[in-house]
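Protein chains: 2
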Amino acid sequence: MGLLQGRLDSLIGASSGYVESLPKPIHDRVNALRAVQGQHTELETQFHKELYELEKKFSKLYEPLYKRRADIVNGIIEPTPEEIEKGAKIEAEENEPEEGEQEKSGIKEESSEGAEAKNEAAESKAAGNTAKGIPEFWSTALQNHPRLSDLITERDTEALKFLTNISLQYLDGGDAEQQLGFKLIFEFSENPFFENSQLVKTYYYTLTDDPGNMTFHKAEGTEIKWKPDHDLTVTTETKKQRHKATNRTRVIKRTVPAETFFSFFDTITEEQLAESPEMPERVEAEYDLGEEFKEQIIPHAIDWFTGKALSRALSESEFDDEYYDGGFDDEDFEDGEDDNSDGSSDEVLSRSAQNEQPPQCKQQ
Amino acid sequence: MGLLQGRLDSLIGASSGYVESLPKPIHDRVNALRAVQGQHTELETQFHKELYELEKKFSKLYEPLYKRRADIVNGIIEPTPEEIEKGAKIEAEENEPEEGEQEKSGIKEESSEGAEAKNEAAESKAAGNTAKGIPEFWSTALQNHPRLSDLITERDTEALKFLTNISLQYLDGGDAEQQLGFKLIFEFSENPFFENSQLVKTYYYTLTDDPGNMTFHKAEGTEIKWKPDHDLTVTTETKKQRHKATNRTRVIKRTVPAETFFSFFDTITEEQLAESPEMPERVEAEYDLGEEFKEQIIPHAIDWFTGKALSRALSESEFDDEYYDGGFDDEDFEDGEDDNSDGSSDEVLSRSAQNEQPPQCKQQ
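From first to last, the protein sequence lines are chains A and B.
The C-terminal position of the first sequence is numbered 364 in this note's numbering, with every residue numbered one higher than the one before it.
The C-terminal position of the second sequence is numbered 364 in this note's numbering, with every residue numbered one higher than the one before it.
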């Protein structure tokens, strides 16, 4: 960014000096083009409105399919024999190794983890005949998404097993305030973690007249009503303190912020955005993640569940390292700064430590 | 990419093993979802067709504005007083420093290069009253685009001064073969470099039924008819060879490939794409560059000319280092491998060496 800013400074200097110093007839023509561009911007704004309406229209067309998916996932309906047969054909096609991929799978030997997974699967097989729907459908789909699997801690995984659906809903838009945007609706079954049956994240856009583009405006999240001792946004640190004189130990508990996927439901206000004109990385990551749910996960959830979506994304080079890195910065937690100066020995037991496994572990 | 591939291998293994080992009733439901997804894909394909038509429709609406811009740029018409006045107001708004930017401009002092530029500008001021249109409009706009300014060599700059317009034209699409795509049309006035008055790059897409997305298919470029000794895709290396025995020198000339913006008009065939299933960086860069012309440069050329577009792009963090880096790899030219083994001393004079200034130099 430093390099770019440097270039920008030199460019803005050079450019604005350049334009200002042009002979008047040429300068006038440049200004005329600015006026022509103003008309272009009006059309661009109109384009973005129509694009929004097109997306809304298709969102309605997709709805019955998402409803059917949710009903099958949650065991509310059973699929028809035709659907099963058609899907089995698609599965067979997907599993046919393509040219080039054949070599790859030739190299790969079944790892011991793979064998373990199969044993687990065999165990679940017995239970499967009575299980409803597709257990852990959404949590598996999210875990197979590289950016999300980096955000989801082991503790989150337990809570996400109760996720029964994710859906998209466009805001009405078109009113006087041009309130455009969309809601991501996460539905949960009764669970030990929080009271809410729905967690909603709403993204708001405005159509700016500057580049005629939509601009991310603010994002509102549902406040999560955590059940006692199940708040995933904190961890409890337990410190043992030994008093030098008496030699007695006491246990001090305190909560510290923890990384969790559920911070996705934090609200980002206009004020927060206004205070950071350079749009901090966190906000950009939030925005990207919203787009990812909207464009990838909700429309193609089954392909994330089976892993097909990731292999497609990789083969199309649709994501690069930046995509993979996630975007959420590791926050530097103040790690148990010692504010008792009596020289006692501390032992910090952080529950969040167990979450700091390399992301690969989550796939097994 | 290595890391990702590693994860992908483990994921595909884990996932496909996982799905296959699911109890039959659950496996059947997974397959039913694959069938539901098939219906979704059909709708997605329809969405992309309608989006393409929407873009085409607006392309037609923008056309009169682009025509007027081209006419003003090339001195075919003079702007109206109303346009000039309206544009002057926009200029005044653009030059009002925003909060935060004020500080920046306070720090910046006029550099000696800036003063030099002003002197040059003063000289051109006298000529300006007779100049037609806006001289060097397009070459300046392209030079102000970070990715393009990295691709444009000093020799290219001379040729690009004859660029009079860049326009976009959508392919008809909708026919039996679903031939979708667009043409970028570069128009040139009579110039010493090549015979062509138009250089065209055509991008072809297909609507794949896999993710319902458009896929880059092939790209055709106009063959450039270079005038003698003006082919920018090569440089002439001159070697002096001194014969050990006779002590006589002889001069050997040979042409070697040179980096040039004009390689943008190379054709990329389906065969080339098929041979490289991982879509090499070069092809991806070509594709990105086409999108950049389509979405940024043609629609907002005046803002690239004045530098406004770059400052906007930076403030919106719309481009990152990857964007800035360009994408075209530096090709390793074989630099004058010595194949005469008579031990003569060589002096390689490469014309391309003068192009290897840091990109910053191009902005001054």
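Simulated from the structure, these hints should not be mistaken for laboratory data.
There's no promise every hint is true.
Claimed, not checked - Using 27 Å as the maximum straight-line C-alpha spacing, the simulated DSSO-like pairs for lysine-lysine come out as follows: (1) B:49 <-> B:218; (2) B:67 <-> B:89; (3) A:225 <-> A:240; (4) B:57 <-> A:294; (5) B:89 <-> A:57; (6) B:253 <-> A:67; (7) B:67 <-> A:57.
What the hints assert, rightly or not - Where chain A lies over chain B, by a calculated footprint (3+ residues, C-beta under 8 Å): (8) 65 to 79; (9) 130 to 142.
Cβ coordinates follow ideal geometry from the N, Cα and C atoms, glycine included.
- Item | Hint numbers not upheld by this structure, sorted from lowest to highest | 3, 5, 6 and 7
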